[in-house]
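There are 2 protein chains.
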Amino acid sequence: MSDLALIAGTGALPGLLAGALDAQGEGFVLAEMEGFPATVPGREPLRFRVERLVPFLDDLLARGVGRVIFAGAVRRPRLDPSAIDPATAALLPRLMAAMQAGDDATLRAVIGLFEERGLAVVGAEAVLPDLVPGAAVLTGAPTEADRRDAARAAAIVAALGAVDVGQGAVVAQGLCLAVEALPGTDAMLDWVAATGAGLRPDASGAKGVFYKAPKPGQDRRVDLPAIGPETVARAAAAGLAGIVWEAGGVICLNRAEMVADAEAAGLFLWARDPGGTEP
Amino acid sequence: MSDLALIAGTGALPGLLAGALDAQGEGFVLAEMEGFPATVPGREPLRFRVERLVPFLDDLLARGVGRVIFAGAVRRPRLDPSAIDPATAALLPRLMAAMQAGDDATLRAVIGLFEERGLAVVGAEAVLPDLVPGAAVLTGAPTEADRRDAARAAAIVAALGAVDVGQGAVVAQGLCLAVEALPGTDAMLDWVAATGAGLRPDASGAKGVFYKAPKPGQDRRVDLPAIGPETVARAAAAGLAGIVWEAGGVICLNRAEMVADAEAAGLFLWARDPGGTEP
Chain S
1 MSDLALIAGT GALPGLLAGA LDAQGEGFVL AEMEGFPATV PGREPLRFRV
51 ERLVPFLDDL LARGVGRVIF AGAVRRPRLD PSAIDPATAA LLPRLMAAMQ
101 AGDDATLRAV IGLFEERGLA VVGAEAVLPD LVPGAAVLTG APTEADRRDA
151 ARAAAIVAAL GAVDVGQGAV VAQGLCLAVE ALPGTDAMLD WVAATGAGLR
201 PDASGAKGVF YKAPKPGQDR RVDLPAIGPE TVARAAAAGL AGIVWEAGGV
251 ICLNRAEMVA DAEAAGLFLW ARDPGGTEP
Chain A
1 MSDLALIAGT GALPGLLAGA LDAQGEGFVL AEMEGFPATV PGREPLRFRV
51 ERLVPFLDDL LARGVGRVIF AGAVRRPRLD PSAIDPATAA LLPRLMAAMQ
101 AGDDATLRAV IGLFEERGLA VVGAEAVLPD LVPGAAVLTG APTEADRRDA
151 ARAAAIVAAL GAVDVGQGAV VAQGLCLAVE ALPGTDAMLD WVAATGAGLR
201 PDASGAKGVF YKAPKPGQDR RVDLPAIGPE TVARAAAAGL AGIVWEAGGV
251 ICLNRAEMVA DAEAAGLFLW ARDPGGTEP
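Those protein sequences? They're chains S and A, same order as listed. In this text, residue positions in the first sequence follow UniProt numbering: the first is 1, and each later residue adds one. In this text, residue positions in the second sequence follow UniProt numbering: the first is 1, and each later residue adds one.
Chain S extracted, bound-state conformation (with noise of 0.2 Å):
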């Protein structure tokens, strides 16, 4: 028996995390929600609906959890009225209203609603240190320009954090060439391979950053946002030179593949600190 439960949404990081908990031999319960199946291989994991979440929370606390870890991608779901239990409908009216507030408000009211029935909801890091890398050029050099480059892309990511749209900006020589909306890094990256080419005013000047932090008001315990060889691959077919993350605020998913891609690929990566000082 565990105390730990993994709240696995989609993507490359639940599997991951997976992976490292068993490797350090400590056991946990793994959980999704119905419709955002999570990629952990050899594991039957529970299912919940937001529309029973009190059932699922009292079956984790039966189960002896006690910390909570999320990881992976949910969509905010549609809710089916004639599935919601009593206890659950009492707590409607506040996840409506979150849920209308935008992804950063539904979030923190869904940790609160665990951490009120005494769950502890824990960081990905505090499994696994190296996820979130410390401020460093991991491979590569960047230029005084991509630096500037960089400084004007996190200037753009903080603005739209503060209105709690995405993540992520394009920029190249001084120019935004794409901002990142709903759906996310690999389709803007997609679109800057598609538009990006011709947009740069100098041909033979730098190739621009793709620069990646999480919103100002996020719960970092919960809600990194994450990058993998996958990005490296398609910054590379985007042209840019490198990229560019907040360090301490970005989860890196298989940083050594990363590293050997983007070494093999001509591109940078940064973990850059926020507050401007060299790396």
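Derived from the structure by calculation, the hints contain no laboratory data. Here the structure is a predicted model, which means the values were calculated and not measured. Any given hint could turn out to be false.
Some chain A residues judged to face chain S by a derived CB distance under 8 Å, without partners named [said to hold, decoys possible]:
id : residue
1  : 163
2  : 182
3  : 202
4  : 239
Cβ coordinates follow ideal geometry from the N, Cα and C atoms, glycine included.
Take the given structure of chain S and dock chain A to it, following the hints.
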């Protein structure tokens, strides 16, 4: 001889203004930046280069020009050092610094150079007041959900404008489907048409709005954003409920055609009071 010059860029606005000036019997000098041909039928424009801006300003003054209207789009050009004349060379440090700092700064610098030379820069709506609608619903009827989406989109565009990024966003059911960057409105709406359908949580809920507004720091005499029938067609193709813009801050090209097209497509058109009062 006329004291008015129309500095024309690309797009529909210069031709529309020229036609209106002709209809009012008001003469004008037409000029365009080399590489950014204006579409103004039946007229041979003066052509100028940024590298020889001072001789061009002198030429305008010699022709008796005292008022200048900027209309249409240009991009920050690459400069050819060999083409720079000595008088313009003295201004280059200012211009280059502004071009590094973004579109708004570049425009402010260019306006400043015209004004220092004694040329008054006036807005297009000084010639065509109907071009910039005041607060009104021009056609259709935004629902409460549409009004919430418009308010959220306005907040997003304001946050973006503060960091000198685009002037538009698409919001549906409170979610930001897309944000405008360098590729512009048309590219963004096409992208929503390609990606947006599956992103709305409630397929039968609000279809969302495209919102457009000038940036907070934008000089409204020279750089109001513009929408037109093409925008209506693209918003319809993107499956949106309507187009909303900041009343008094956006040029409507071919307003009658826009309204007819929007009616035919079932879209509303709403020039929204940025103060949030109705309409």
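Numbered hints the structure breaks, given as an ascending list: Of the numbered hints given earlier, the structure breaks just one, which is hint 4.
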